[in-house]
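J.: Single-letter residue listing:
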Amino acid sequence: MILAHLYVVESADFIFLMRQTGLTQGNLSAHMSKLEKAGYIKIKKEFVNRRPHTLLRLTDKGRESFKKYVQSMKHIFNGVSERRKNEKSS
Amino acid sequence: MKQNINLMELEKKTWRSIFITGLVDIEIGLIFLVGSICMIFSDISYYLMPLYLVPLILFFLVNKFTIVPRMGIVKFSRRRRRKNAFLVAVITTSLIILIVLTVVAKTNIIPKGLASQLTVIAVILIICFSIAFFMNFTRMYFYAFLITASFILSDIIRSHPGIISKGGYAYLLSSAVMIIIGTIYLHRFLKKYPLSEKGGSTDK
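The listed protein sequences derive, respectively, from chains A and B. The numbering used here puts the first residue of the first sequence at 227, with every later residue one more than the last. The numbering used here puts the first residue of the second sequence at 173, with every later residue one more than the last.
I should point out that these hints are in silico values taken from the structure, not numbers from a laboratory. Keep in mind the model is a prediction, meaning the values are calculated, not measured. None of the hints are false.
With a straight-line Cα cutoff of 16 Å, these simulated EDC-like cross-link-like pairs (lysine to aspartate or glutamate) come out: (1) Lys255(B) / Glu236(A); (2) Lys338(B) / Asp327(B); (3) Lys184(B) / Glu236(A); (4) Lys247(B) / Glu183(B); (5) Lys268(A) / Glu236(A); (6) Lys268(A) / Asp286(A); (7) Lys287(A) / Glu236(A); (8) Lys293(A) / Glu183(B); (9) Lys255(B) / Glu183(B); (10) Lys287(A) / Glu262(A); (11) Lys247(B) / Glu236(A); (12) Lys236(B) / Glu199(B).
Same shape as in the complex, but just chain B:
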């Protein structure tokens, strides 16, 4: 009997199993959906900020009552936790750069142009590719291009307003794609892993 155990591949496969639920895709999609709503209704965007809590609360509830009872609980190794911590550092740094760029753009210290747009695109790609690489979340590579395309489209809409004048509409499409993909994965997951009546018991 052949037993070629590749532990690194097994660890990656075990880690990737948390993404088969599609919940992360739905979560990212919902965050972008809320963001696009805030951009479309920019006049009242401050009052819409609490909407960002909705994806977080939904994630917590779905994870606790739907995913965990079917998937189980796992505590990953220290190596994986260190990798995630490094990723958090990369994302935090990138977000700080993005916030600084946004503030600089609003105060017109540096004139808006191709250079600043390319910098934002680069930051978006760095964040998304980092998530994809460090978390072995391969769908994030696709979402990276989706988000970048939405950014470019929103810029075009703002520069050439016609029927649609708000750049936020561009993000509606990408958020819809992510939510649909996540929902498909979630549906498959729920069908494949029905709820166990006994839970985690081994009692005979």
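Chain A on its own, in the form it takes in the complex:
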């Protein structure tokens, strides 16, 4: 879900992602750390008007991996729906 939201934009900050995904602060932080370690996202921390600001964006590796994941999911669901159609017709 986090990768999906980052895939459709160029970059987003922590608060925006939290609002869009509906995750809590702690939950999102935990996922972000794992995704950063895996090399899927890049995190940039800075101060804006003396407030901490965290900017996130997908890395090229993250984009490619997510693209492959979506394609494989589509392939699986297309296969499942084809099988169901055949079962119904027989």
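Since the structure of chain A is provided, determine the placement of chain B on it from the hints.
T.: Frame of chain A, contents of chain B only:
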């Protein structure tokens, strides 16, 4: 677990989230409000022109100090930015046509009549529908009819002056509707998204 990811729908949903604040509705409503005030007080309308800065300044301040701390910041994809640029081109062209029509109407080169009124209505609808379609701002379809109805009403008022003689009063109602709708959305937004104390920090 079913995961049917429709990325186009997700992108549209992410983009549409900027309209849940109601700030755009309030902004459009205020611009029309200022426009109607200028039309009502047409004698001093040149001196009232600086009032157009009020909605812009208000938008900037509310967005910076109220919306962004609650909503966060996002940079949309190049595809979305290209779509917005195309929309700006459509709106600019339509506004130029509208300005030319206004100048032509004032100089009486072409006689005022149904054809010129229908052209103005068409331009208004093109601008509003373009904004609604390209920006996925569905409330703009409703505002398109509201603005068109105000235009027609203002023309009727000017042609048949009675108690009200200034066409600008017609736009007061539509601006009020937009501001009220925007305020309702803003109130809901502020209630749903309280200000986070930590801001955007992920520091534990």
